[in-house]
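Asker: What follows is each chain in one-letter form.
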Amino acid sequence: QDKPLLGVVSISATEANNVRYIQGATKAADELGWKTNVVDAAGSADQANAAIQNFAQLKADAIIDMVFPYSSIGAGLAAAGDAGIPVVTWGGGLGSTVAATNGSGGPMAIPVVDLMVKKMDGKGSILALTYRTGEVCRNREVVMDEIVAKHPEITVTKNEVRIPGYFEDGAQYANAWLASHPAGKENLAIWGCWDDPAIGAIGSLRAQGRDDVLVYGINGNAQALENIKNGFMTATAWQDSFTEGYNMVKMLKDIKDAGGAWQAKAAEVPAVLVTKETVDAFLKDHPEAIK
Amino acid sequence: MSDVAISARRLSPGTKAALGIFARYGTIIGLLAMIVTFSILSPAAFPTVGNFTNVLNQASLAMIIAGGLTLAVVVGELDLSIGFAASLHGILITGFVVHDKLPIPLGVVIVIALGAVIGLVNGFIVTKIKVNSVIATLGVGTILTGLAFAYSAGVPIVAGVPEAFLQLSLGRWLFGIPNNIIVMILVLGGLWVLVERTPLGQEIQAVGGNAVAARLAGVNVDRIKILGFVISGMCAALTGILLASRLGSGTASAADSYLLTAFAAVFLGSATLRDGEFHVLGTLVGALIIAFGFNGLNIFGAPTFSQYVLQGAILIIAVGMASLGRSLAER
Amino acid sequence: MSDVAISARRLSPGTKAALGIFARYGTIIGLLAMIVTFSILSPAAFPTVGNFTNVLNQASLAMIIAGGLTLAVVVGELDLSIGFAASLHGILITGFVVHDKLPIPLGVVIVIALGAVIGLVNGFIVTKIKVNSVIATLGVGTILTGLAFAYSAGVPIVAGVPEAFLQLSLGRWLFGIPNNIIVMILVLGGLWVLVERTPLGQEIQAVGGNAVAARLAGVNVDRIKILGFVISGMCAALTGILLASRLGSGTASAADSYLLTAFAAVFLGSATLRDGEFHVLGTLVGALIIAFGFNGLNIFGAPTFSQYVLQGAILIIAVGMASLGRSLAER
Amino acid sequence: MAAAFTRGAPQPGGAEMTVPLLVARDIAKAFGGTQALKGVSLDIAPGEIHGLVGANGAGKSTFIRILAGLNHPDAGRIELDGRRQEIGTPQRATELGMSFIHQELAFVPGMTVLQNIMLGVPKKTRFGLTDWRAIARDVAPIAGRVGISAPLNASVKGLSTAEIWLINICRALVRKARLIVMDEPTASLAAGEAERLFAIVRDLSASGVSVLYISHRLDEILNLCTRVSVFRDGRSVAELAGDALHRPALVEAIVGGAIRDTQRTATARARGGVVLEAKNLTRVPKVRGVSLELHAGEVLGIGGLVGAGRTELARLLFGADRPDSGEMALMGRPYTPSSPAAAVQVGLGLVPEERRAEALFLSKSIAFNLSIANLDRVAFGRYLPLMNRRARTSMAGEMIRALSIKARNASTPVGRLSGGNQQKVAIGRWLQRIPKVLILDEPTRGVDIGARTEIHRLIRQQAEAGMAVLVISSEPDELPELCDRVLVMAEGRIVRELTGLAMSRKAIVEASYVEP
Ligand SMILES: Nc1ncnc2c1ncn2[C@@H]1O[C@H](COP(=O)(O)OP(=O)(O)OP(=O)(O)O)[C@@H](O)[C@H]1O
Ligand SMILES: Nc1ncnc2c1ncn2[C@@H]1O[C@H](COP(=O)(O)OP(=O)(O)OP(=O)(O)O)[C@@H](O)[C@H]1O
Ligand SMILES: [Mg+2]
Ligand SMILES: [Mg+2]
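Quick note, the sequences are listed as chains W, H, Y and B, same order.
Using this note's numbering, the first residue of the first sequence is number 1, and each one after it goes up by one.
Using this note's numbering, the first residue of the second sequence is number 1001, and each one after it goes up by one.
Using this note's numbering, the first residue of the third sequence is number 2001, and each one after it goes up by one.
Using this note's numbering, the first residue of the fourth sequence is number 3001, and each one after it goes up by one.
Treat the hints with care, as some may be off.
To be verified - Within a straight-line C-alpha distance of at most 25 Å, the following computed DSS-like cross-link-like pairs (lysine-lysine) qualify:
1) W:K185 / W:K3
2) W:K35 / W:K3
3) H:K1016 / Y:K2128
4) H:K1016 / B:K3157
5) B:K3123 / Y:K2128
Derived by calculation from the structure, the hints in this document are not laboratory data.
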């Protein structure tokens, strides 16, 4: 094996955003002449640790941990550290021996929540679909809490979705919430800590023919953008995962070159707020976002 | 010899009869009690035609896949591939309709046929190679996940999903009843007739009740087991199609979570009417308990953690009432 | 009348004997064949002491929980609560150590005792209230998830985990063998002795083999079933503790996925040596097949989709060889 | 002894000299290392009642299973109507006009009587749906003739083993078959039911249907059959017909030598004090006010018709069910067993009626099955709770020898034994433990004459050593042969006590029909 090896451990290689990041990373790796191996940890931190250890065994040149917080991959980091392999995270934060991170999704929520509160005129009810086990989602929930706290006339109902099962959960929570929030009484909004639960909720809204509820997601996956185009979703924040993946791999080369002199750092790529008004222009700039 | 009558602990015939009713209808009584309770707790939002329609609409997909699973368990096997299969089918139908521009009915027919083929493969591995059904269907399910990946490269198929496809599950029909509910009633009704009212259904029940006896009596056990898997596979395909239509996309692993829901419904149902036997009507009751439990707890606004606790408790209590009634009545 | 011997399709005694060996050792042969294959495919990275230690280390936790589950299935019940229970236990031990500043050994003892209590509850619901074990343990598991949420509000406990706690699973002991492996060997060894070499183990096997006959032979069936659940619960607790130590955090749902892995290992193992019976040694083999399969495919660097396909195929082939050998030998 | 060895030439036993309906030649079959059939041949003429006898494990059931398409022969050929057939599957066997009553009870517990009768039988339909009403009309007369008293739409749950047997028999009759094979059909039946079956068998024969009839009860064989094939150790060793067909010839062919007769050794023995006592024991509807005393050193028999409540009574005594009312005492102290475990603890043992479902662990070894009620004896000791496997194996070896269980060794799974040998294992478990009270429910069901003598001898030996034994048997000759005293039950009550010379087959059968 002459080509340098890049090991990628994904929390869910079937999730759209993860897929785009992997595509970006793979593209950069190809340009660098590296080989990419992807392991799907299927949501299990234990599997992720195992996969990182396996890459350490393989003497990979660098490892990307996707979404698992650095605090949950202790054994993996230890193995990689022993083997002298740099580990970077996407959405997993910077800590322990992590060399770099991006995609820390918390701040992405700010423009979306701001817009939501503005459109509600500062009063009404929100159904928040949360997922606290995930670091990113938890950060976004904190952001939302802080902003909404400034508007005492807004009441928030929070429901935890599961992985897998987020579509179904989103739909069922929406069903129940809608039953006690009939149309025309107040301003209503549904917010997903990422797009998919919100998309599940849209299914429920459409099944009931409710169009009085504004729906917000985050990440800007293709389906969310499609829904914005069609008027079922109000806004999402598009995370340029592809570029994040791409940049991160390019940075990995710098990390390797710098060796012991490298200073851990965050290298964020800003998110883009996409709404009904901006979606067409956005898609012109980023046709890849919906392909 | 002591003269204390052992009969001190005996139950009167009247009590036994009452317990017998609990044994048969315990889960149904549980379902009704739950609906009444939630109606009292949330009188404005819970007991409305709209909410009930929504709950049924939402639960239809789980009911269809659970109905199929019922056939697999009735013949005495487990089918763990259904969730993964439904995910794959959702991707396939979207791909067929969006990329290959197949007419929707043709796509539906092809995907359901594929579901039957997957069932056939499961059944073949279980009956001919004699691999335990847990391993066989888990293995096949894992392979299907891989195929879903291969087909979609993990990227959901979203763009260009035609409105007509969405209308499959969003549409309403007679008296404004959502299509999903109508499809669910047709499927479960058909399965019920098949199992309970046809000669083939007798063989299906016999194989599940005692495969050795069925074989000795000349029933073609393998063929019946394969049939169970095929029906399970077809129902999974139908659920995958309707889910893709509901979500407007084909996404890998979108339907994976149906596996546990379907199992819960089927096993809950097995406590209904007949003791510990699986049957279609029971599955229906089980699925309703799960759906109304989830919805009612939510509407009442219980915090997340207590929702889990109460959901778990509902499962146990619904079955526990029936089981306890039965074992006391039979003492 | 044709005089072609019917025996045209018959197998010679020699072939039958060879098939018999496959029947007994099919899964073990499968495991070895897989190891050889991966060694050829990745000669530098796969067949090294380091990698094998690594695989065993990784698989230890799954093996412990699967070993516990084996006891539950040996007594004829399913325990679906183990994954959820292990997640809760991971949160609890982290909470005890980080927030309550309990000494680690005390925390470990308390959590394992709680695991036993959960097993007791499962066993009680199944044997006394006579709820089907699928529903009972699914219900208890759901409740445990709720409790995990209640304890942690769903937020992982991360900060302030002491190094000594991490060393529970990261540490190495005699000859540099990782602690996890040592614990695993002790647990599985103990369970093996219990089931295979003690009179109590005979009762355990009897209950699983035929509960009616066991009862009429004077075995206290309920007590034995409860014991099976208790052991399953304690092993889940141990796995939860080691997982929390390995992850360095207590996270709701962190261990949920062990449920499927443990089931796969247990059912894979049931094809080893004895026909379709569950036993500790078989579970060990099953867990090894899964672990080496995952590791070998990872190291070989197969694309994601084909990893799934191959993993599924490995499950089916490993059992299929044994089962086919058995059924041909016994025709 | 002139055991006529007339293999090959069809005998004119009532049937015409035509092409045989069924010809089997040199059928061989091995299971793993066990050669179950080494080459058996047999032919059956149309309308003939052909008997098949042989010791336990001789290969009778294996032969039947091959005819039924359940097992595949290693060698040999089978012809029907002179045409060679590969049977292959049970479906094919049915198509060829054969129908079977297998040795092992086959029923689906969750189904009704009618559903069980129609198991695997093509059913009438209306609009594609099962037409149960029409089916019930067709089945009712046959069920009545067989003697099924339960309503056709009743659940089989709670029916006695005998009643379920009648269902199995009825199933075989409902199919219009040309050959009906019956593997020990009367093993679970009492005299009345058996007589009914004999009448049916004769009718079938008269109407041209052939019957292959397997039994260990030689009287039945001699009464019914015109020709009898004998299997020994997987070979057909004799075919007896006409004058050559008589009891001594059969016995000699079966065992390949003389046999100790089933003579009672001691008739009047001193019996000890009361060990187990029941007063007004009731559990509706099966047991109604039963009182009995069981003495140390006596063998007490319980006779009666099917469904008389004997099994239920045994279950009450053993703590497997709880009585509605009544009292029990053991060694003079109140005895209220809460479970079989409690009963075993204080010195009871039970050999249940239905060995496969209630007694045996089919996938486990003989040693396992024998030791499961004797675990204290295979432990190394109180403080070292490990199993002494050597002790277990040698204990099992003793029992295998004592009961002449036909098996390769103590680690053979019990499921691989022939029916009679399985029964010996079920009994052996308790003979090893030596309880104070041993209850045996149909102990010699399906056991060959040699082993039956041996089991009787062992039971009596235990009684002589002071054990109190309660034997339930539906075989009319067994109780007088074995017991010191016989109680006859009818409809849940004890209707007669017979002792000494009054204990005859005739007296027991008569008392069974007493209106309580
Ligand atoms: N599935 C099997 N596996 C292994 N050995 C078997 C199997 N079935 C039968 N045998 C063996 O084949 C031999 C013949 O058994 P079979 O059941 O045919 O005897 P049988 O004549 O019907 O005896 P019985 O009168 O006790 O019913 C026995 O030694 C038995 O142990
Ligand atoms: N609680 C129970 N659980 C399981 N089986 C039972 C139970 N009670 C009774 N049975 C079965 O129901 C049948 C009832 O037998 P019953 O005592 O009425 O008849 P019997 O006199 O034993 O007749 P037979 O001549 O068939 O032995 C028995 O076969 C027994 O095994
Ligand atoms: Mg036999
Ligand atoms: Mg009886």
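Asker: Tell me, which hint numbers fail for this structure?
Answerer: 1, 5
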